[in-house]
Amino acid sequence: MPASESTALAVTEPPSSPPAPPAAGAEATVAPRTVAPRTSAPAVAVGAADAPSGAPAGAGPSRRRPEIETLRAAGGGRRRRPVPRWLRRASGPVLLLALWQLGSSTGFISAQTLTSPATVVTTAWDMIKDGSLVDGLLVSLRRVAYGLLFGGIAGLVLAVISGLFRAGEDLVDAPMQMLRTLPFLGLIPLLIIWFGIGETSKIVLVSLGVAFPIYLNTYAAIRDVDGRLVEAAGTLGLRRLELVRHVILPGALPGMLVGLRYSLGVAWLALVIAEQVNADKGLGYLMMNAREFLQTDVITVCLIVYSLLGLATDMLVRLLEKGALSWRRGFSGQ
Amino acid sequence: MATRLLRPVTGSADGEPRLSGDLQPTGDLQLTGPERAVAVTEHESSAAVEVRGLRREFGGRAVIDGLDLTVAPGEFVALLGRSGCGKSTLLRVLAGIDLDVAGAVSVPRRRAVAFQEPRLLPWKRVWRNVALGLRGEDARGRVLAALDEVGLDHRVDAWPLTLSGGEAQRAALARALVREPDLLLLDEPCASLDALTRLRMQALIADLWERHAPAVVLVTHDVDEALALADRALVMSDGVISEDVAIHAARPRRPADPEILALRAHLLELLGVPTPAAS
Ligand SMILES: Nc1ncnc2c1ncn2[C@@H]1O[C@H](COP(=O)(O)OP(=O)(O)OP(=O)(O)O)[C@@H](O)[C@H]1O
Ligand SMILES: [Mg+2]
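Quick mapping for you: the protein sequence lines, in order, are chains A and B. The working numbering puts the first residue of the first sequence at 1, with every later residue one more than the last. The working numbering puts the first residue of the second sequence at 335, with every later residue one more than the last.
Hint data in this document are derived by calculation from the structure and do not stem from the laboratory. A few of these clues could be false.
Straight-line C-alpha distance at most 20 angstroms; calculated DMTMM-like pairs for lysine to aspartate or glutamate [as the list claims (entries may be wrong)]:
id : chain 1 : residue 1 : chain 2 : residue 2
1  : B       : Lys458    : B       : Asp491
2  : A       : Lys281    : A       : Asp173
3  : A       : Lys322    : B       : Asp491
4  : B       : Lys458    : A       : Glu292
5  : B       : Lys458    : A       : Asp130
6  : A       : Lys281    : A       : Glu292
7  : A       : Lys281    : A       : Asp170
8  : B       : Lys458    : A       : Asp135
9  : B       : Lys458    : A       : Asp126
10 : B       : Lys458    : B       : Asp472
11 : B       : Lys458    : B       : Glu501
12 : B       : Lys458    : B       : Asp487
13 : B       : Lys458    : A       : Glu199
14 : A       : Lys281    : A       : Glu199
15 : A       : Lys281    : A       : Asp130
16 : B       : Lys458    : B       : Asp434
According to the in silico footprint, chain B covers these stretches of chain A (three or more CB under 8 angstroms from chain B) [to be verified]:
id : segment
17 : 208-217
18 : 249-263
Keep in mind it's a predicted model, so treat the numbers as computed, not measured. Glycine is no exception: its CB is placed at the ideal position from the N, C-alpha and C atoms.
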């Protein structure tokens, strides 16, 4: 259409001023009647409306000289300091570590409060050598894995039921929304009465913590799938199951992965609590043991292992997202 | 041509469970619906689209009210009308998406829709999108042929979000065509394209229509587009087809053809846009 071409013309025009002033003048005289110029000369109207951006409306025919900005190309050109991203990201934690070591070395932080990073490293090495760390780690990992499995499946199945079917929503969603408000860590006494102090009660606690974030996010994601896509796919003759498989579940996948990431955080939290309340093995047990003997170094090692585990699982999900959501063209930060 | 009856009454005769799902009896027209529907089935071979006394309400306001429409097999019909007059609503009824209507509608069983937005699934590569729901032998081969026809053979494995607007529209067109429909429903397929791409897209539609010869209902706001492509231009207003203008000019159409120019002025006038040339 001529309108689009003339818009482009009008935008490129301002630097060369000669033909412009009459346009601005014309606009100024016509200004009170707002809509009128449209039919007569769209190019002029658009150009004049664009030019005095920022200037008050009836400022007069004099054209403001635009401020010129030179845009720097983001890629391709030679950058001055090609510091790799991972190095830049590592600088914060390294600085923190250095400060901690400095505080310990100067005696500002007493060993009873928090041992120095150097001691932590040697303690960790000792614990690895005598096998206590690996044993505890494996026990804890196993609990989280089972909890994720059971809780994840439960959350997913319930979310699919209430996401896909109205009847399912009526049946499942209301109880889930009610239970969700329950602080699940408060269930520990009850779980111990029901399942004893063995593995079961811990796995159940982790499962409970995992199920809700998965359920809530998946359910919301299913309901958030673009109805127009579902409609279009419907006209292509997809059967109901195919619709779920090709349209609804892939559409809900980003939300599901958010739920998975969130639930991983909750899983570790639930595990720490469960293992500290009662346990005879696992990382939490190591920590409780160390407390008896005021071994802040062991406690610190366990804490660091916990956070490394959290970090690792988070990275795993990120990797999963990168693979599964490669079709996305989202905003990736500046 | 297998013509199927879409009847907005419960207990549909054609045994298609999807149809009897969301139906809602509306108004007194619903009473006459079945009788008219039976009358329509008798003519099923003669027309691709047969609509009688169609009525569609949104919250008590009838957007389509007593609409009749007949489209012959292989006929190209353009549907014009003011924004909000119910063109897309009619198209959705013809597509079988919207069954919450009264009246009788019969359409071919094989029908395909290209919506105003491409509506490609962003998580499936282009060819997978085109192949969606396609059954039978050598689906991929047919898909590649369709993509080739719309000039997208080089973007077969691309993600939809990386396509340009025109490419996405063409992919959507390929997705409709690969089904070899007897009725092709196009809702402003060129509206969001630039002037040049639009001309190319129109040429493509004309070409594909000539080769595959489906009946086409094309919704458009562009009188020139209607004149370039259609056998008939319909103007919709007040819930019915208010004008029916046959376009006999030979193809390929030239905009400067005096016959086309006269029709253009006439159509613009019908649409309420008086032109200097219309005197
Ligand atoms: N789901 C809906 N609920 C309520 N009103 C609706 C719904 N869909 C359409 N309408 C109304 O029906 C009328 C016709 O809509 P429709 O989309 O068919 O218009 P149209 O002729 O296609 O317009 P355009 O040219 O702008 O696309 C409009 O007034 C619209 O607001
Ligand atoms: Mg529309």
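Which of the listed hints are not met by the structure?
2, 4, 5, 7, 8, 9, 13, 16 and 17
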